[in-house]
Amino acid sequence: MGSTVLVLGAGISGHTAAMTLRRKLGRDHKVVVVSPNSNYQWVPSNIWVGVGRMRAEQVWFPLAPIYRRKGIEFHQAAATVIHPDGDGSSPRPFVEVEYTEEGRKGQSGRIDYDWLVNATGPKLNFAAIEGLGPEGFSESVCTYGHAAHAWQSLQACISRMEKGERQRFVIGMGHPMATCQGAGFEYALNVAFEIRNRGLQDLAEITWLTNEYEVGDFGMGGAFVRKGGYITSTKIFTESILAEYGIEWIKRAGVTKVEDGRIRYETLDGGLHAIDFDFAMLIPAFAGVGLKVLDASGADVTGEYLAPNGLMKVDADYAAKPYEDWSVDDWPSTYRSPMRPNVFAAGIAFAPPHSISKPFESPRGTKIYPTPPRTGMPSGVIGKVVALNIVESITSGAESLRHKASMGRMGAACIVSSGYGLVHGMAATMTVFPIVPDYATYPEWGRDIGYTVGEPGLAGHWLKHFMHYMFMYKARGLPFWSLIPE
Amino acid sequence: MSELVKVFPRYTQEAYPPIPTRATQFWRKNKLYQLWRFIVLNAKIMRIVVGGHS
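Chains E and U, in that order, are what the protein sequence lines are. The C-terminal position of the first sequence is numbered 486 in the numbering used here, with every residue numbered one higher than the one before it. The C-terminal position of the second sequence is numbered 1054 in the numbering used here, with every residue numbered one higher than the one before it.
By construction, these hints were calculated from the structure, which means they are not laboratory data. Virtual Cβ for every residue (Gly too), placed ideally from N, Cα, C. One should not assume that every hint holds.
Said to hold, decoys possible - Listed next, the in silico DSSO-like pairs over lysine-lysine satisfying Cα-Cα at most 27 Å (straight line):
#: 1; chain 1: E; residue 1: Lys30; chain 2: U; residue 2: Lys1044
#: 2; chain 1: U; residue 1: Lys1006; chain 2: E; residue 2: Lys235
#: 3; chain 1: E; residue 1: Lys367; chain 2: E; residue 2: Lys123
As the list claims (entries may be wrong) - Looking from chain U toward chain E, a few residues come up when the C-beta cut is under 8 Å (computed):
#: 4; residue: Arg1010
#: 5; residue: Glu1014
#: 6; residue: Leu1041
Claimed, not checked - Coverage of chain U stretches by chain E, computed from C-beta distances (three or more under 8 Å per stretch; other residues unrestricted):
#: 7; region: 1017 to 1027
#: 8; region: 1044 to 1050
Make the full structure from the sequences, and use the hints.
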């Protein structure tokens, strides 16, 4: 009898896992995807939606036709409760879901599984900060819908500037421990580019508001690149780009409240400040999507499977230890739950053992530092190795964890767009290897300096554009899609 | 963008970072040179991707 592999989530990690599982497993095995969203979105291009360079429709496509074509069972629903040991009626593990599609909205269901991949991604935790988010007073580019809304607000500011009115833009992190600095930074540069493109820069004040200890930390403790005969910190590199684009910055800042036209924030020295804005795009903190886990008797065992932030514990070392004792070996490599051998967490859904950036706390006790970034390339790679291990375990009949992808052993590329156009476009290409600094292997800089790049130029824009079409093609499962790497 | 670069007042943090010269800006936009960089950067990214998991 075939196995059922249930994938929760159809973002970069979940979709990669589902497509890999389907490609590698025979048709006697079932691949089931549960996602509350009917569409796949290529999140990195939301930045271009947020400045009007792409329409929202260009960064998403409906999942159902692709899954139908590939033979993947799709449920448009949100997973609510995992029952890893079944319940009183059956010992077979299952997940409770609540449907979100029109016509079945609110109905609940039960989907049995033999293998589970939790790739539910983040809950955008706007509620953690009063007034934050599109339902409050700030914008977001975390979804294509948010990005389209941000573009509408940005257009209104541009119209006011065209009438001679000064406008203040604040772009950055909307929580003292938010991550995804790269995306926020990219959006700030694109806003500056669009304003300059219209010759309105004298009427704009743009501020990058960040929880990083130094700009260029990007939630991964910064990096060092070889540049102009020096080994240079990404702090210098990032400050240079900000200054070139006329963007001021406020660092070591944790947003505490967003009001109509005013952001309140605390700095690491304990100071309480406020900055007024006409347009603010602030990235929220991420949390787990609110899954619960119940044992066979119905007792709540969520705390054993999930960390307090709702993300799933995997094969990481979660023992609390000081920053100086952190090691790349703390980071997971197979993403399997220590509780059950048939449960995995991929992408943002896995709980990191700790941050990558050094933690800091203000005298008021506010923790102000970025949590680790896990979007894009790492999410795709993790989704793939989880799928490969499940495939090998199913086909061999014996547990296999041969495929590994630790963030302490994998690199990442981040292409920070800073202008649009095949001739006038610009992007800073940043690569690091590994993502988590490994001072045991690379004592000087924590990373392989030969692989670590920070380079602005037109080539970066071509790369970013090329990747948009390449990854949309891959995600659609069109011919030879599997040859395109994560 | 040199003609558009905003000059920040001295003794502000924004006044200190290095700013690209005209030559740097030229090479950033030069299509032939950037085509070469496109190939080099692609190769670097591919090596990272391929070596990132086993």
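Run the structure past the numbered hints and jot down the numbers of the failing ones, going up. 1, 4
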